[in-house]
Amino acid sequence: MVRFLLNDTPVTLSTADANQTVLQFLRETKGLTGTKEGCAAGDCGACTVVLAAPTAHGTALHYTPINSCIALLSSLHRKQLICVEHLSRGSRLHPVQQALVEHHGSQCGFCTPGFVMSMFALYHAPGTVQREDVMQALSGNLCRCTGYRPIIDAALSVCAKPPTDHFYTQQPDTLRALQALHNSSGTALTEEQHNPGLQGPGLLMPTNRQELRQCIADYPDAPLVAGSTDMSLTITQQLQQYSTLISLSQMQELKFIHCTSAGIAIGAACTLDELHRLVCQHYPTLSELTERFASLPVRHQATLGGNLVNASPIGDLPPVMLALNARFIIDNGREQHSLEARAFYTGYRETALPAGFWLSHIELPLLKPDQHLAAYKVSKRFEDDISAVCAVFLVSIDKHHNITALATGFGGVAATPIAATDFEQRLPGHSMQDALALTQAKQWLASAFTPIDDVRASALYRQQLLANLWHRFVLQYQNQHHVIATRVRYHA
Amino acid sequence: MRKLTPTLANQTSTQSPLRKPAAHESAARQVAGSARYTDDIPVPANTAHAAVGLSHCSAGQIERMDLSEVRRAPGVIDVITVADIPGKTDIAPVFEGDPILADQAILFHGQPVFAVLADTPVHARQAATKGKLYITPVAPLLDVADALARHELVRPSHTMQSGDAKRHLSASTHQLEGSLNIGGQEHMYLEGQVALAIPEEEERMLIYSSSQHPSEVQKLVAQVLNISLNKVCVDMRRMGGGFGGKETQAAQWACLAAVLAWRNRCAVKLRLARGDDMQLTGKRHPFKNDYKVGFDNRGQLQASQIVVTGNCGCSPDLSDAIVDRAMFHADNAYYLGQSSVTGHRVRTNTVSNTAFRGFGGPQGMLAAEAIMDGIARRLQFDPLQVRKQNFYSEATGTQTHYGMLVTANRLPDIIEELERSSDYWERRAQLRRYNAHSPVIKKGLALTPVKFGISFTAKFLNQAGALVHVYTDGSIQVNHGGTEMGQGLHTKIAQIAAHEFGVGLEQIDITATRTDKVPNTSPTAASSGTDLNGKAVSNACRKITQRLAHFYAQSLQRADTEVRFADGKVCLDQHQIDFAELVQQAYLARVSLSATGFYKTPKIYYDREQACGRPFFYFAYGAAVSEVSIDTLTGEYTVDQVDIVHDVGHSLNPAIDTGQIEGAFIQGMGWLTTEDLRWDETGRLISMNMATYKIPAIGDTPPRFNTRLYQTPNSEDSIYHSKAVGEPPFMLAISVWCALKDAISSISDYRLDPQLDPPATPEKVLWAVMNIQARTQADADVREPAL
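Protein chains in written order, with full-length UniProt numbering: chain F, 1 to 492; chain D, 1 to 787.
The set of hints was computed from the structure by calculation and includes no laboratory data. Beta carbons: idealized from backbone N, C-alpha and C, even for Gly. Take these hints with a grain of salt, some might be off.
To be verified - Here are a few chain F residues that face chain D, going by a calculated C-beta distance under 7 Å:
1. 38
2. 43
3. 101
4. 109
5. 110
6. 146
7. 239
8. 378
9. 401
10. 405
Claimed, not checked - Partial selection, computed: residues in chain F whose CB lies under 7 Å from chain D:
11. 29
12. 33
13. 39
14. 108
15. 111
16. 144
17. 221
18. 380
19. 385
20. 468
21. 485
Said to hold, decoys possible - Which chain D residues stay away from chain F? Per the calculated CB distances, all over 10 Å, these:
22. 64
23. 171
24. 222
25. 274
26. 382
27. 393
28. 559
29. 578
30. 593
31. 603
32. 611
Model the full structure from these sequences, guided by the hints.
Okay, structure coming up:
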């Protein structure tokens, strides 16, 4: 059972069909056809809707755009679902809608509802909005007609002022309505057997470790699903139908972030958007990866744990974990174990996660003063594209510019996320200022792996990139004080 | 009608809306989510859903099909193969070759072989995967050069000639040879292909189809059902993007839905999933262009031999005309000297390629621009200098290789304005200084022109019809043969009708394009939507205004020549009357308030036997300057600034024209940069979703993007002397490709011209960089041998 507000109307839905997407619910069940299906894969943003949930203090609402085509019903639980039909009041358009009309931001109009919703979330975001924020906010919305310029102008103009719409003025009412939902479902949650989210088959929504353990015991073949941004593709693209899925969306125990002087612990169900904010603070040079990881709506759904356990060789977070020597804490509800990131990936989309266990959280060490961290992603398109190569270097360099230690992580060059262990052994002792060492290092790295040709890149290009990305790292180190341009776009 | 309704209140802002930046007529509904697309239309209660079963090999013969599991799958209602089609089974638009479902021969990977009808879309799609096809495969034709060598052509080759190119080539001071492999392009309309067929009484069929060519859908549905055209009505309110991809490619889904609806007496919807859409529908043609040119010391072309070879895929579709248009535009804006242009139409076992914004023109033009760059590097001139040297002019020549005179050439003016407004020469100097001190990042700059011929090259298509009704409250309903796919056609048409009647835009309603309102229409294509339909609508409006004028003048006992329609009023000398008031009086006096309109483009003709004539009513011109930065370590790049001046004649709607220009530019940029169609070695498309095929995203929009309209009235009598704007600006994006080459060339101090086959993905840019680095190093070694 999921309970949510559809705009301002409380809705209770059965989750007996684990496969229903939010988009299907809107278009087919509710007849709300303003939200469009462009790709059913989270790649175009035509289906973007906004979820509102109380902020940490509970005094205001936080608006997050998501792709409804790959969101399962569990994502709605205890939230307010807002779609394009809910914005205008009668014939009076919402300010973001009005801005799009005035700036000629719609042509064929099919992507437009998605843009409206992404802009609506941006309109409610705190702080002043710069062009860069607009690019981020709308990076998951494709338009084939306008070339985007009028859409950017519309967003900049409407977001220049603080929000004044009825969503803003009615926040207290919405918060009360959400609280009422919480209370009505909360009583049932106190006793495990009464938690309607555990009655299968269908979409199960355990709320704590014990319930999750029980769900896995009851449905050992049921996949665990967190943000569902990848899992949903098996439903919408490969037409699989699951009798039962176990959603981690209500597992608060998997959503913490602890920072200490020794390191950072991050719950596996933290979203990539939460991770990005953490990264900006503690590992700013990783922000390129977390900022270019899919699109903003996907980052609001997708989780750290999902990306790591998915074990895709082209995922962007596993290389980070390898280079940082992260520890993966796994759990089965009774006991927890710690695994080294480097021992986690055992084969193509295979991990060392035993049956009955899930990924609980990740422990990351903080950077030491002599450590230089860089992450590079190369893809055909800058935004919302999968890496041809992802390279992460963590290099310890002494004051004489000698490399003292080195850890790496790569995506896109092997059947698993992988570290260049040989390269890591060979390089310490060499100077970052030595041209011959650079040439040698490039050769080592270019021949470290035997990548494949695929739709994204040739094997040869991937090998050349490995060498050249190291070259870029060295140039960036050498030019810390005497800057030469080494990138067409800069991060952090 | 026994009693008339009150007339519409006279609006305060009834100034003519012509040439004003009126918002898209559907904008408010689009942003509110209430604009209805085909998939949003409420369906009858008994609606069933169709899906297609696909071939999993690229070429072969179907020996046997076992569809028993398909029939047994949950929710299945009906399964059909080509044998179940009641009428004609070939749905090709011009020449035969496009079976509605595979007819023994498999022509490409993913070809629809059977169709299934089920209670839900998911059931239909699941069932469609359960067919067992027993196919004897044959080796597929996948390589264009190979296919050409084997004379595998879908249509005969064709040559356009002017003078003796061969002789003049060898007599020229300099010669240059080159070859270019140009990638295709997926349309990626955000709304995929979809049709809804609803059987009606008297064996009629109502079709909602997301189509640029409702009349052709009507004809083909009638043919596959073996009924007459008057039994089929196609209704098309709006498409979620077309770009040429719904000119011929929408028909198959409408026809299949109609056949299933006919057999099962229920409404049928067929909407392709995105992956199927990308595999099953044609794309922009990949081309291979080869050229040999001769030129003098000033870089002026003396002779040109150009061969363009289009990969048409498995059938002719529109390829004859598309390769013709590539040939017509192989000169782009330049006098080719003594010239010959040959076009081949090669058959391969891939999906049949089709119309896409520019219709072969962009591929042809790339040859001309590659030649200009090649000459510039050879002679060490700035490429702009070489381009200017070769423009059609009295000094060079004014007759194209197909015998048409280039008159009213706007390019000299446009280039002068753009050179100044973009600060081309100062930026060129800055860029050279920047590159000299930047070892990793290199910047490039290029100014390229566009000259694009307007008219369908199939002469009969250059006609249009309209139907205009004035109702007794003064409101006006307009219908015409064009379709709205986002380009703002209905908005411009409403402006035209409002101007003719002298009323406000809010008084005009444009209804869905319907084959029972305006029959026998042409596709909305070739940038011609407004030119053709606008004239037809104004023709219909004028029939009514003439009747009203006559009636009004008669009532005042005056001559009707001086009657004016403006500001919601009808005026004759000092007399005036509210438009709606006059309409009511005219109605009571039994004056007809409805009219059809018609238009056919004058002056055009083309003798294909002689390859000579005037295929185009006029040319639309434009030019763009693009500046890029490339990363020589990875091949990544950014487009940093774009300046455009584009000729729209006397604009009907500057906002919509600007939107067409910017949108076309970005779409063209996508074609030439990140949009990378890939097939595996068996001929299966592997870039078949939005995760693997990358159209420009918002961050690809240049941070500095300046677009100016060049608004000199069209010298031809087009609708209010405006110019077509749908396709021409697409080719402004060639400036991005040339700027990337310019940046790469800077590594050789602009001595070498890099080979950069589009799409110029970062990978291709890196290879081109490394190639130029190696050749530059080799040159240096030759000049300064190591001691």
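So, going through the hints one by one against the coordinates:
The criterion of a C-beta within 7 Å of any C-beta in chain D is met by residue 38 of chain F, whose closest approach is roughly 5 Å, and the hint holds. Annotation: residue 43 of chain F was flagged as interfacial toward chain D, and the flag holds, the nearest CB pair being 3 Å apart, inside 7 Å. For residue 101 of chain F, the suggested interface contact is upheld, since its CB lies about 4 Å from the closest CB of chain D, less than 7 Å. Here the hint on residue 109 of chain F is kept, as its CB sits about 3 Å from the closest CB of chain D, short of 7 Å.
Proximity of residue 110 of chain F to chain D holds as hinted, the smallest CB-CB distance being about 3 Å (cut-off 7 Å). Because the smallest distance between the Cβ of residue 146 of chain F and any Cβ of chain D comes to about 5 Å, under 7 Å, the interface hint for this residue holds. Look at residue 239 of chain F: its Cβ gets to within about 5 Å of chain D, closer than 7 Å, so that hint holds up. The interface hint given for residue 378 of chain F is met, as the beta carbon of that residue sits about 5 Å from the closest beta carbon of chain D, less than 7 Å.
The closest approach between the C-beta of residue 401 of chain F and any C-beta of chain D is roughly 20 Å, which is over the 7 Å cut-off, so the hint fails. A distance limit of 7 Å between C-beta atoms decides the matter here; for residue 405 of chain F the minimum to chain D is near 25 Å, and the interface restraint is violated. Violation of the interface hint for residue 29 of chain F is found here, the shortest Cβ-Cβ separation to chain D being roughly 13 Å, above the 7 Å cut-off. At a threshold of 7 Å, the smallest CB-CB gap from residue 33 of chain F to chain D is about 4 Å, leaving the interface hint in force.
Satisfaction of the interface hint for residue 39 of chain F is found here, the shortest Cβ-Cβ separation to chain D being roughly 5 Å, below the 7 Å cut-off. For residue 108 of chain F, the interface hint holds, since its Cβ comes within 7 Å of a Cβ in chain D; the closest pair sits about 3 Å apart. Because the smallest distance between the Cβ of residue 111 of chain F and any Cβ of chain D comes to about 5 Å, under 7 Å, the interface hint for this residue holds. Because the beta carbon of residue 144 of chain F sits about 5 Å from the nearest beta carbon in chain D, less than 7 Å, this interface hint is met.
For residue 221 of chain F, the interface hint is violated, since its Cβ never comes within 7 Å of a Cβ in chain D; the closest pair sits about 20 Å apart. Interface restraint check: residue 380 of chain F against chain D, minimum CB-CB distance 5 Å, threshold 7 Å, status holds. Given the 7 Å rule on beta carbons, the hint for residue 385 of chain F holds: about 6 Å separates it from the nearest Cβ of chain D. This hint holds: residue 468 of chain F has a C-beta 4 Å from the nearest C-beta of chain D, less than the 7 Å allowed.
Hint on residue 485 of chain F holds. Least Cβ distance to chain D is approximately 4 Å, under the 7 Å limit. The claim that residue 64 of chain D is not at the interface with chain F holds, since no C-beta of that chain comes within 10 Å of its own (minimum 25 Å). No beta-carbon of chain F comes within 10 Å of the beta-carbon of residue 171 of chain D; the shortest separation is about 43 Å. Under the 10 Å C-beta cut-off, the non-interface status given to residue 222 of chain D relative to chain F holds; the minimum distance is some 28 Å.
For residue 274 of chain D, the shortest C-beta to C-beta distance to chain F comes to about 5 Å, within the 10 Å cut-off, and the non-interface label is violated. Residue 382 of chain D, annotated as away from the interface, keeps every beta carbon of chain F farther than 10 Å; the closest lies near 24 Å. For residue 393 of chain D, the shortest C-beta to C-beta distance to chain F comes to about 32 Å, beyond the 10 Å cut-off, and the non-interface label holds. Its beta-carbon lying about 43 Å from the closest one in chain F, residue 559 of chain D satisfies the requirement of being farther than 10 Å from that chain.
Every Cβ of chain F is farther than 10 Å from the Cβ of residue 578 of chain D; the closest lies at roughly 26 Å, confirming the non-interface assignment. Every C-beta of chain F lies more than 10 Å from that of residue 593 of chain D, the closest at about 29 Å, which supports listing it as non-interface. With a least beta-carbon separation of about 31 Å from chain F, residue 603 of chain D lies farther than 10 Å from that chain, consistent with its non-interface assignment. Once the 10 Å rule is applied to beta carbons, residue 611 of chain D is consistent with being away from chain F; the minimum gap is 35 Å.
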